[in-house]
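Chains as they are written, first to last, in my numbering: chain A, 1 to 420; chain B, 421 to 897.
Estimated spans, in silico, between C-beta atoms of each pair:
1. A/Leu69 x B/Leu428: 53 to 61 Å
2. B/Phe860 x A/Gln114: 34 to 42 Å
3. B/Gly664 x A/Glu229: 51 to 59 Å
4. A/Gln159 x B/Leu428: 55 to 63 Å
5. A/Gly172 x B/Ala430: 42 to 50 Å
6. B/Val853 x A/Gln159: 42 to 50 Å
7. A/Arg151 x B/Leu540: 21 to 29 Å
8. A/Gly172 x B/Val534: 26 to 34 Å
9. A/Gly172 x B/Asp845: 51 to 59 Å
10. B/Pro862 x A/Glu267: 56 to 64 Å
11. B/Ala793 x A/Arg155: 43 to 51 Å
With a Cα cut of at most 30 Å, we get these calculated DSS-like pairs of lysine-lysine:
12. B/Lys530 x B/Lys869
13. B/Lys869 x A/Lys173
14. A/Lys100 x B/Lys758
15. A/Lys89 x B/Lys758
16. B/Lys535 x A/Lys173
Okay, the calculated bits of chain A under chain B, using three or more residues with CB under 8 Å as the criterion:
17. 108-114
18. 119-129
To be clear, the hints were calculated from the coordinates, so they are not data collected in a lab. Each residue gets a CB set at the ideal place from its N, CA and C atoms; glycine is no exception.
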Amino acid sequence: MSTSTETAPAGSTVGGPVLHAQDVTLRFGGLTSLDHVSLDLYRGEILAVIGPNGAGKTSLFNSLTGVYLPQEGVIEFVPDNGTAISLVKNGAFNRRSNRKPHLVNRAGISRTFQNIRLFNALTVLENVQIAAETRSSSGPVGVMLGLPRNRRNERAARQHSRDMLEFVGLRGKENAIASSLSYGDQRRLEIARAMASDPKVLLLDEPAAGTNPSEKLGLAELIQRINTELGISILLIEHDMRLVMSVAHRITVLNFGKVIASGRPSEVQQNPAVIEAYLGSEAAEEAAAEAEAAVATDAVPAARDAEPVEADAEPEIESEAEVDAAEAAAEADAAEAAAAEEPAAEEPTAEEPASTEPASEQSGAEAQAEAQTASATEAAETAEAAEEPDAEAGSEQSPAAESGQTAGSRDRDTNEEGSA
Amino acid sequence: MTTSISELSAQVRQLRSHDAWWKNPRWARLFTIFAVFMVLSILTNKVQGSSSDYTLLFKNSWFSARGVQFLIGSVVIWAIAEVWRARGLSRIAAQAAQPVRQVKDIPALKNVWVKRASLLVLVVVAILLPTMGMFTLPYFQSVLAGQVGVYVLAALGLNVVVGWAGLLDLGYIAFFAIGAYTTAILSGKLPIGADGSPEAHPPFHLNLFFAFPIAVALTMVAGLVLGAPTLRLRGDYLAIVTLGFHEIVLTIARNNPKNITGGALGATGIPTFRFNLFGIHYDWNTTDSKPYWYLAIGLIIVVVFAFRRLEHSKVGRTWTAIREDEVAAAASGVPTVKYKLMAFAIGASTSGFAGVLATAKITAITPENFPLAVSIFVLAYVIFGGMGSLTGVIVGASLMTFLPAFLQGPPSWFNNGVPVVDPKDIPMWIGAVLLVMMIFRPQGLIPSKRRAQELAQAEHGVGDADAMTEPAEGVAP
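With the rest of the complex left out, here is chain A:
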């Protein structure tokens, strides 16, 4: 493991960006999956990308790794020697091109997948070895002739794979069939495979999805070890806020394909735009009120309860224009939700009509709502004063609510972490 000798400036941003994305826009027909997303991953840091379902996180990964070609923007990878490698660029005659996935990997960026994609019929060792061997120079003719060089290459790759398996904690399971592993072990195997090609940057797409709490703890530890011991910069997509808050140095929040917030975990937790993206402003208000009233209430039921309340709340909105805007936005949202990849995205969006107010403007959370917000601005401005402090108050609750899928107990934990 050559990389283990390198020193890793854990948590620091002094190294300059290792992965740089500028104004990346990706559209699927009329659906804008990524909208001018800019993002810098600094050398040696762990950057988490969070956002509600359908926010464009995986699309971002696919754009970074050459699976998708974004219509606009450039992506660059800056390896240690300092010369930037273009992953997505504007070529001659405005012809856009991207590096193919295997070349992105060769450059030094590895990834894992949201839905585990292992070579299921192969053994654990073979899974990793395939990735490790992409760096060996053995060709088919040499193999058929049985050249000794190939045997040496193979032995080296196997040893490297064993090292990687030991690093992720799969020692002793080398000869098991990949699909026979437990879910958590499969996640680890995928990480080992991604690391077998000696990457400088590791993209982890929801590594903790579907794992149990103890496996999550192990994963958090593993991610930190990869970062500190091997000096690999990590870009992490994750829904589990506890994991994100415990390992990430910085967090970038995506919503509807736009970056709505970016910064240190504590900053992001208190960002009103983020709270709105996850809960909707009404819900955030409700949650905040609940939190003020009772000490240990579940944020999630509160957020759910907020939905019927919303209907009652609407008459309270003074201006007629705002009501119209809210209705139009609701329609747009419904269309958007239908087009969105995951039905789960509906929950935050359904609550959104109430958020046509200032926060959505400054954050740009709703691209569709922009047209309506123009007419609603006057009314919104009046609402701003009243809105702002509430959102602030609700901030403590918000990231914990995790788009309404977590248990209340964990919310309390996250709150403690957030305040700590």
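Following the hints, position chain B against chain A.
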């Protein structure tokens, strides 16, 4: 709610038990077996229909002593099957397989040297085969050399494409044809002169052994030419494209551009292999098939050794990875297009290799020697034997090429010179064998470990047995 479920199931069970007696599935099984036997009664009947009595065949097959025999036969078979079923199918099967498993578990058999020795014994048996039993007949020697040897070689190549890389190739015999025509051209029998004038001056007059490397190179190029633009396709689409490629090659052969292919007449009188070196002179004689068989064995051994190394190397593993999940393979740094092209080129060149051997044996080729059916048959050999398994493919191709020839039988071989099966019916029987095979043993006779694993997983909904589906992550817009 839990109690109600058990109650419900009890009710269902009671309802079932009160069903009419004829709804018992065993009667459905009896009917099925009876129907199959009635069809068989017609199929195996020597009586032909006549224009004066359209019902003659049915009367003779069903409403006669013959029909009664088949009826009794079907009931007996059904009764045996029912008893078998009642005693526990799996238990009996496990008991029957017990000795086999015991033999497999003998530790001595796992020794590398024992394996090598048994392999050597097999090769020796193959070499001595033409001196044994019915194989002393020239007919069977000819079958061995011209059918078994050639198609085992071809199937080995197709196994690389289909079995290892997971690319469905239905135009595989096109490369075989390219190899055959290359042989004809290099041996000086093509192109025939303009307007078929006998004073043609073919550009080459080479010893046929030189046709091997040239044909291999040419078919490899042909494989790359076909593969480069089409390998972005997957599964069914690739199959259709290769089908088209086969037709293109055949049509070129028929249309005889610049008199290169000799049109529908093809080439005749192609010389055989000659060896004239170091004072040793040997001529492969068309009247004796044995030397061709030995040559085929030699070539097969070389190819098997090379492919065995490929299978257990970086290349083989990478092919498996591409077959299982192309997106994940690419994300792991595998240049997928390069490896798919490699599989195509290796498969195509093996096919060309076999084409040279076949041409030297039959000494005359026409476009009709390479119909689409042969492409599909070779694919069937691979699937029958067990995709991805070298042993399986060799066994499968040998059986499937030998059996039809055996059933047709040589004149006066046995059965008073009457073929066991009407030669016209052979494809039908082959089809039936394949059907039964695919239903009861889809992994093939001797499956490869990886393939068997994939099939088992596909049945449980984990992954695909083939790289036939679109990547779940989608493709670039």
